Structure formats: structure tokens, C-alpha cells
Amino acid sequence: MLELRSVRAGYGSFQALFDISLEVRHGEAVGVIGPNGAGKTTLMRVISGLIRPASGSIAMEGTDLLATPAHHIVGAGIAHVPEGRRLFPRMTVEDNLKMGGFLPTARPKYRERLDFVFELFPRLRERRRQLAGTMSGGEQQMCAIGRALMSDPKLLLLDEPSAGLAPVIVEQVFDLVKRIRAGGLNVLIVEQNVQQVLRVVDRAYLIKAGSIRASGTAAELLASETIREAYLGV
Amino acid sequence: MGIFDIFLLEAVINGVLLGGVLALLSLGLNLVFGVIDVVWVCYAELIMLGMYGMYFLYTVYHVPIGLAAVICIVGVAILGVILHVVVIAPLLGAAPINQFLATGGVLFFLQSAATVLFGIEFRNLGLRLPVLKLSGMFISYSRLLAFAAALIGMVLVYLLLTRTYTGAAIRAIAQDRQIMTLMGVDSRRIYLITSALGGGLAGLAACLLVLQYDVHPFVGLSFGPITFLICVLGGLGNFVGGFVASFVFAELISLGGLYLDLEWGYVFAFVFFIVMMFVRPEGLLAPRS
Amino acid sequence: MKRYLGWIAGAALVALPFVYHAPYPLHILIVILIWSFAYTSWSMMGRFGLVSLGHGGFMGIGAYVTALGWNHLGLTPWIGIPLALLAGGVLAVLVAYPCFRFRITGHYFALVTLALSGIVLQVITATRDHTGGSLGYTPIRYQGGSSLYALQFTGKTTWYLIALGVWAAGLFIWYRVDRSMIRYALEAISEDEDGAAAAGVHVTAEKLKITVLSAMMTALSGALYCQYQMFISPDTVSGISISLQMVFAVVVGGIYVALGPTVGAVITILLAEVLRISFGTRAVGWDNLVYGVLLVLFIVFLPKGILGSLLGLRHHRAPTAPPRAQTEAA
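Chains as they are written, first to last, in the working numbering: chain V, 4 to 237; chain W, 12 to 300; chain Z, -8 to 321.
Hints listed in this document are in silico derivations from the structure and should not be mistaken for laboratory results.
Here the structure is a predicted model, which is why all the values come from computation and not from measurement.
The beta-carbon is built from N, C-alpha and C at its ideal position, and this holds for glycine as well.
Incorrect hints may appear among the rest.
Non-contacting residues of chain V with respect to chain W, defined by C-beta distances greater than 12 Å in every case (computed) [claimed, not checked]:
1) Arg48
2) Ser58
3) Gly141
4) Arg216
Below, a sample of chain W positions facing chain Z; criterion: calculated Cβ distance under 8 Å [unchecked claim]:
5) Ala113
6) Gly178
7) Leu232
8) Val243
9) Leu266
10) Gly268
11) Val282
Pulled from the structure, derived: some chain W residues nowhere near chain Z, Cβ distances all over 10 Å [claimed, not checked]:
12) Ile89
13) Val168
14) Leu203
Please construct the entire structure, taking both the sequences and the accompanying hints into account.
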């Protein structure tokens, strides 16, 4: 479904990604793990179009994403939940969700998608008129994920969903991811929290200092030494 | 009613109507400055150009007034877009003060261009609208029109911002510009649309202003700063607040002018503004933080 | 070598009127010097991100308090001017203290100062019985025109030297502030107010100090203008146009450099004069037109101003963005 080949990207003179090749196949949930500063967020941004790669190729179901203008990428079926949630703080929950459904193809389905999101996150329904900036971290994360779901995407990109959240909330978030996955959505998760993400995904890639060091099924990676080395340098 | 009371009532009523004029003026600016956080110091000068447009179309070329108004509104809307593309867009990443200074340069430019092209004489539309006489008080018909236009304009803008997707995007863009693309929003288009709307509203204000006031190159100086003060006083982006603030300002000016010289009215209004900034910087209608 | 260059230039400037007496060029120079001083005063605040649009008001206060004191109360400007400075300082504290205390900054602060200059202008116009309103006001000539007591002189040379002295004093003050702790405090404040406060900087006090200094210097420039031109009106000394003009001239000249405001004054005044001479009355409006276009171009392409760009300062951001606290080569 999603295919990256030999992607190089960076910020100005600083190169963050070196020759990244990965894929997400239909029906899969894939994780990208690695220590801080490894380039995980850059990877997400390259896929969703916030940054353009210097070289390489990215294709979604055959469509060349590099030839697609950044604001049309969500139209290709990719929804990105950015690092740090990035809700619109002075707009209500409902307005934030509405923005999620901005895509012309998603607008006719607005009511339907809204109900879907509220089913998934009953708390959001309660707080629909609350200003997004006044909610707790966990609630904001739910809202951010809900916002991404409003466009009825095929692939959900989750960037560090556990960041800044209490462990109990993190559990809940990943349970939710499981449920979303069960509903048939493909997911690509970038995470630092290895334990949580590996219980939710089928496969994962380990990235460190901009390159992929290892990949395999969740079970394989959990069992291997490579992760510990990458994180602790031991 | 004693004579004194009539004058007071008339001043109050005319204050309300002046408030309508000010509210109309602040609509466009509140959209551009208050909602998408772009500074158009030359906003009043766009209105000045619109007023000249009306003058030339109606008085010189005898275009029917309705058509002239439409041309004027569209024309200033286009000017708004040009202003954005040429001056604002290159500066979106820099500190807002630079937009301030650059549009300030445009202000000087427009005033001077008007001076060179049209001369400094005061021009009048030459249209005498009726003055209503209501139990001893004189109410200006053109001010009534402006009041109505402001009300309708406010409602329309409010509906646009709250009921449409584009409106939601306009509200969102100042809060987090970078992630707009993630939702499929073309930021550039949103800025252009808002600039066109802001310009169009300025054009509307020009049409109604020119019914009551003469136009000359520096007419912008008399209402430009006040319009900014009103937007801030009402709470940036808060259209109802802007409406209320317009009336407060207008009453202060009107009543001040009744009892003392006109200038003292402005002094009161400005002092009120400064004091309010200390007391309620978020705007008149904002809850105490 | 750089040191001596300064002294040589200074000596040349002082000697100038004795060598070259033509009154018209001297007049232009005097006007340039007075406005340079005014612009430099504004930049004392502007360079730290405290953008005020109210300095026209302080200039107006300086001019009118001095003139009114002389005409109505017989106060010699030697007393009148300090009084004007005091008035300016008091007004600055009155308005700036609540602003800083309540953390009113940026747009909001600029608008408050705008309202302030509007107030000064309207008050001057409203008290027209005393101030002459928009028609203007003239200090009474004293005993034939030249008097130290009345601070009025007919000789351009004398005025040139006075203006030169004040301008030089302004630069001196600029340099003193530039090398003082206040500068670092204010740069820290403009970068991150909370951080600076946490580091022990008395944010409100420091901001207030520079504001009062700036206001008083500007008031002095107004008083000087009044004594030299012997005619003031609300639009020429106070009001929004003046306030805007100050900001623009400094930005064009270079806001972080000592001589930047002076360069700005030279450019704007010379531009106006050249156009006036070349085109006569047809030039009405052209100077501001060119100026306006230049300003837009500068902000978009050359935000460090002319002098700033020439000196290649290490401020990479546009002017009046929060500056990094760096030491610069003067």
C-alpha cells in the first residue's frame, strides 16, 4: 500500500534520513521504533508531505506522492496525527473534528464520520463544545486521532502517540489503536515506547540516526538484542 | 421633553448610528487582523481608494449608483488580494511588526499616489440623502443605511466563519498554519480568500462612507487608527465584541462632542481604550482571566 | 585608526559652519540633526522590540510645553525645557507602567502608544484657545531674536552647533546604553520575558527605564524643533504621521546601529528636499510615494536597513524581531 524507496531527507544542510526504504502492506499495522532524534518524526513528515525529500520515491497504492501537492496527500488516503497533537486550541472539539473532515470527498460523509468518532471516543461527545486547548493530554490525543479519522483515511500515521501522557492513558490510547485496527484501518506508528507499540503492530522497523537498522515481526524484534543496543548503546 | 433632553437623545441616537458606521469599518479589519492575524496598516487607505472609485464612477462617469457600488466592492477586494500577494505573503514567516511596517509603506504610497493623481481637494459624491426628522431630532438616513449594512455584514461574516468549512479553515489558520495541509487545506488559498473578503468589506464600507463624508487623500487618517482600536477593544476576531466596541466608542465621541468640543470626545474614547487595555486586554466581552 | 576617524569627522563637522556659511544648506543640516536626534531617541526603545507609535506625542509635548511656558508664563526655555522633559517622562511612566505591569506587548502596546499620541494631538487641537489648535503656535520673539535667555538665535551657525551638540549627545547616550547592563537585560527580555524574569531581571523596571529615557529625549527634540523653527503645529510635531515617520526612517537607516537613525533622517529629508526643488509644487506627494515604495522594498528585501546591511551585522532576522543577545562589532 505505502512504499518508500531510498528516501533521503533533512532540514537545510542537516540530513535526517539516509536511504530509507520501508513498506506498509494492506491490512497491516507497522511500527517504527528508535531512540530520540533518530528521524522518526521526519519520516512521518516526509510521508504526509510537510517536508519534501531530497531524493527517493514514495508511493501510496501506486500514486506517486512526490508528484502530489502537499495538501492533496490526505486525499490519497493518508491521515497524519502529528507529534504533540497540534489541535487548534481556540476552537471547539467539534470544530477541530470538522477541520478533519475538510476534504471535499469527506464532506458528504461528515455526519457519519462524526458519529463514528464519537462512538470510538464517547468522552469527545461529552466535550464537543469545549475548547480543545482546555482539555487534558489524553483527551487531546483522542481528539487528534478522531480528527484524523474524519477524512475516512486508508492509512493512519500516528506520531509518538504516547508523548507526554501518563502510563494509564498510554494504555488506553494503544487499546484504541487496536480497536481502530480491528475496524480495518492500516496504521503506521512511530513510537519511542517499544513495549506498547510492539503489542499493537504486526511488523516494525528500527531506525537509528536516520537509517533502518533492523526490521521484522513484532515478536522477532521483542526477542532480539538489537533494540536494546540501539536504545542504550550497549 | 425639554430642549436639553432632545439634544441628548439625538446625540445618543446619532452615536448609535455612528457606531454602525464604525462597526462596518471594523468588519473587514477584524477579519484580516483579528482572525488570520495579518496586519494591514493601510486598511483605511484601501477604503479611501474605494471612496474615490465611487466618486469617479458615480459623479464623473455617471454610472448608476448600485452598479458603482458593486464595482467598488469587487475592485477593493482585488486590491486586498494584490496587497496580500505582493506585500504580505513574503513576510508571513517573519515577525508581525514587519507586516506592520511594510503595509505602513503602502499607506504612505497610497496617500501620495492619491495626492498626485487626484489632488488634495475634498471631493463629494454630490448625493443628498434624506434626513429623517423624528420629534425634533435629525437622524441621518445614510447613517441608518450604514448601520443596516454593518448588521447584515456582521451576520453574514459570522455565518461564514461558523457554518462553512472555509470559515473553519480561516479561523484555524492563525492558530496553527503549518498543519493545515494535513487536513487538505491549501493555506495560500485561505489567505487569498480572506484577503479578498477583507478587501470586499472595506469596499462596502467605502460605499457607505462616501454617502456621508467627503473624500481626500488623507481621509484614512481620521478613521484608520480608531478602527484598529475598536478591533482590539472588542477582542481580536470577536465580531460581536467589535460591534459593541464600535458603539461604545461612538457614544463616547458623540456625547463628548455634545458637551464639549469634538476633540474631547476623541480624547475620552482614546483614554477609555487605554484604560480598558489595562483592565480587560482580551476585549470588552471576554471573561476575566 | 577607527578611533581617529571618529574624531576627525567630528572636528570636521564642528568646523563646517565656519568654513561654509550658506544658510540654506546649513538649515537642511540643522533639520537633519534635530530629526536624527529624534529618530535616535525612538530607536532606543525600538531596537529592543518595544515599538512605540506614540513618540509623536512626546515630541508634541516637548514642543508645546516649552512654547506655552514661554508665551503664557514667561518661563525661560532653560526652565521650560526641563519641565517639558519632566512632562514627557511622567506621561511615559503613567502609560508604560501599567502596560509593562500587565504584560501588554507587541501589537497591543503599539496600539496603546498610538492612542496616546492621538490623545496628545486631540488635546492640543481641543485647547485651541491656548495652543492655537491646528493653525499652529508661535513662541514670542524676544528682544530682536537672539538671546541666550530665551534660547532663540537668528544665526544659523549657533543653531547648527547646538543641534550638532545635542545630536552627538544622543549618540553618546546610545553608546552608553549599548554597553550597559540594561542592553543585555532588554535583549533577554525581548527574547523571552519569563526566562529573563526567572533569571532575576526586573522586567518592568528595565523596560520603564528605557521608555522614560526615550520619551524624554524625544521631548527634547520637540523642544529644540520649536525653538529653532519658531513655529509648531499639531501635525508637524505630534500625531500619527510623525510617529510612523520615525519608525520608518529608523528601519530604513538601520535599527541596531548607532548611526542608523541618522542615515534614515538624511535619506528622508534629502529625498523630500530634492523632490521639492526638482518639481516644485508638483512634487507634493511624490516624496512620500517614493518613500512608501522604498519602505515596502526594504522590509521585504533588506530588513536590516541600509547601514545595517552595509555593516553586515550578524542579526539574521528581520528588524524588531527579538534580537539575539550578541556582541556586535560597533
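The hints, checked one at a time:
V:Arg48, annotated as away from the interface, has a beta carbon of chain W within 12 Å; the closest lies near 10 Å. The Cβ of V:Ser58 sits about 21 Å from the closest Cβ of chain W, beyond the 12 Å cut-off, so the non-interface label holds. At the 12 Å boundary, the C-beta of V:Gly141 stays outside the reach of chain W, the nearest C-beta of that chain being 20 Å off. Every Cβ of chain W is farther than 12 Å from the Cβ of V:Arg216; the closest lies at roughly 28 Å, confirming the non-interface assignment.
Nearest Cβ of chain Z to the Cβ of W:Ala113: about 4 Å, under the 8 Å cut. The hint holds. A hinted interface residue such as W:Gly178 counts as satisfied when its beta carbon comes closer than 8 Å to some beta carbon of chain Z; here the least separation is about 23 Å, so the hint is violated. With a cut of 8 Å, the hint placing W:Leu232 at the interface with chain Z holds, because the nearest CB-to-CB distance is about 6 Å. Interface restraint check for W:Val243: the shortest CB-CB distance to chain Z comes to about 6 Å, inside 8 Å, so the restraint holds.
Because the closest C-beta pair between W:Leu266 and chain Z is about 15 Å apart, greater than 8 Å, the hint is violated. The closest approach between the C-beta of W:Gly268 and any C-beta of chain Z is roughly 11 Å, which is over the 8 Å cut-off, so the hint fails. For W:Val282, the interface hint holds, since its Cβ comes within 8 Å of a Cβ in chain Z; the closest pair sits about 6 Å apart. Distance check for W:Ile89 against chain Z: the nearest CB is about 18 Å away, which clears 10 Å, and the non-interface claim stands.
With 10 Å as the threshold on Cβ separation, the claim that W:Val168 sits away from chain Z holds: the shortest Cβ distance comes to roughly 21 Å. Separation of W:Leu203 from chain Z is adequate, the least Cβ-Cβ distance of about 18 Å exceeding the 10 Å criterion.
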